[in-house]
Amino acid sequence: AQSVSQHNHHVILSEAASLELGCNYSYGGTVNLFWYVQYPGQHLQLLLKYFSGDPLVKGIKGFEAEFIKSKFSFNLRKPSVQWSDTAEYFCAVNPDMGRRALTFGSGTRLQVQP
Amino acid sequence: SAVISQKPSRDICQRGTSLTIQCQVDSQVTMMFWYRQQPGQSLTLIATANQGSEATYESGFVIDKFPISRPNLTFSTLTVSNMSPEDSSIYLCSVDPRGQLYGYTFGSGTRLTVV
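Going down the list, the protein sequences come from chains A and B.
Letter by letter, the first sequence follows residues 25 to 138 of our numbering.
Letter by letter, the second sequence follows residues 2 to 116 of our numbering.
You may find that some hints are simply not true.
[To be verified] Here are the simulated DSBU-like cross-link-like pairs (lysine-lysine), alpha carbons at most 35 Å apart as the crow flies:
| no. | chain 1 | residue 1 | chain 2 | residue 2 |
| --- | --- | --- | --- | --- |
| 1 | A | Lys-85 | B | Lys-66 |
| 2 | B | Lys-66 | A | Lys-73 |
| 3 | A | Lys-73 | A | Lys-85 |
[As the list claims (entries may be wrong)] Chain B residues, not near chain A, derived (Cβ > 10 Å throughout):
| no. | residue |
| --- | --- |
| 4 | Pro-9 |
| 5 | Cys-14 |
| 6 | Arg-16 |
| 7 | Thr-21 |
| 8 | Ser-43 |
| 9 | Leu-46 |
| 10 | Val-63 |
| 11 | Pro-68 |
| 12 | Arg-71 |
| 13 | Thr-80 |
| 14 | Ser-89 |
| 15 | Ser-95 |
| 16 | Tyr-105 |
| 17 | Ser-109 |
Don't read these hints as lab results, they were simulated from the structure.
From the three backbone atoms N, C-alpha and C, an ideal C-beta is built for every residue, glycine too.
All chains, full assembly: derive it from the sequences and hints.
Rendered as structure tokens:
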């Protein structure tokens, strides 16, 4: 079965620090990849997505992610985090076009200290 | 992108009772998805609901426990039946409005506590 692994469960950073959250998936075929963010008390919001083309994807709020097919990875990055980035981040994969639903990773809780 | 109105936003229910969660979308969508997010865990797909057909359930979820209705292209309900404390979770609906994976939209979730 397909799975998505997020290795960092809880990350604590100071403002202006750089961020990289890991995401690996287990599926050998073509995949669509997503990062979602869930701010405290709010619903899931799409940060960025990758379907094809340039493996470096830019999203909202200064986030970007790089798809490395050989490593089955789709890591999320931000060069300088802000206190307002405190949230839960979820990586998600859609490896089966017929199934259409997303498979989510376990999530990473990011805490940015002022 | 589509806007989803999900209600109730939260509820506290007695064990053995049932709760129906509603999701209303502001545009017509083919597929709606229902997820569960247990405390401290990720989202797990419960079922996929297509209009005009029976919902497709994932392993570990059954229709008797989580009956789903999809009467039209903008609305769906999920019922959590005969609840137990283990059903305490956040339940979310989601749609892929353009049908081409341009970005799944999620409802705000229903936080269910079973006592």
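Against the structure, the hints:
In summary, the hint linking Lys-85 (chain A) to Lys-66 (chain B) is not supported, as the alpha carbons are separated by about 40 Å, beyond the 35 Å threshold. Between Lys-66 (chain B) and Lys-73 (chain A), the direct Cα distance comes to roughly 33 Å. Compliance with the 35 Å bound is thereby established for this hinted pair. The straight-line distance between the Cα atoms of Lys-73 (chain A) and Lys-85 (chain A) is roughly 14 Å, inside the 35 Å bound, and the hint therefore holds. No Cβ of chain A comes within 10 Å of the Cβ of Pro-9 (chain B); the nearest lies about 14 Å off, and the non-interface call holds.
Look at Cys-14 (chain B): its CB is around 21 Å from the nearest CB on chain A, clear of 10 Å, so calling it non-interface holds up. Distance check on Arg-16 (chain B): its Cβ is at least 27 Å (rounded) from any Cβ of chain A, clearing the 10 Å threshold; non-interface status holds. With a least CB separation of 20 Å from chain A, Thr-21 (chain B) remains clear of the 10 Å interface cut-off, as annotated. Not every beta carbon of chain A lies more than 10 Å from that of Ser-43 (chain B), the smallest distance being close to 5 Å; the non-interface claim is violated.
Chain A draws Leu-46 (chain B) into its interface by the beta-carbon criterion, the shortest separation being 5 Å against a cut-off of 10 Å. Every Cβ of chain A is farther than 10 Å from the Cβ of Val-63 (chain B); the closest lies at roughly 17 Å, confirming the non-interface assignment. Non-interface status of Pro-68 (chain B) relative to chain A is upheld: no Cβ of that chain comes within 10 Å, the nearest being about 19 Å off. The non-interface label for Arg-71 (chain B) is consistent with chain A: the shortest C-beta to C-beta separation is roughly 15 Å, beyond 10 Å.
With a least CB separation of 20 Å from chain A, Thr-80 (chain B) remains clear of the 10 Å interface cut-off, as annotated. The beta carbon of Ser-89 (chain B) sits about 18 Å from the closest Cβ of chain A, which is more than 10 Å, so the claim that it is off the interface holds. With a least beta-carbon separation of about 8 Å from chain A, Ser-95 (chain B) fails to lie farther than 10 Å from that chain, contradicting its non-interface assignment. At roughly 6 Å from the closest C-beta of chain A, the C-beta of Tyr-105 (chain B) falls inside 10 Å, breaking its exclusion from the interface.
Distance to chain A contradicts Ser-109 (chain B) as a non-interface residue, since its nearest Cβ pair spans about 4 Å, not more than 10 Å.
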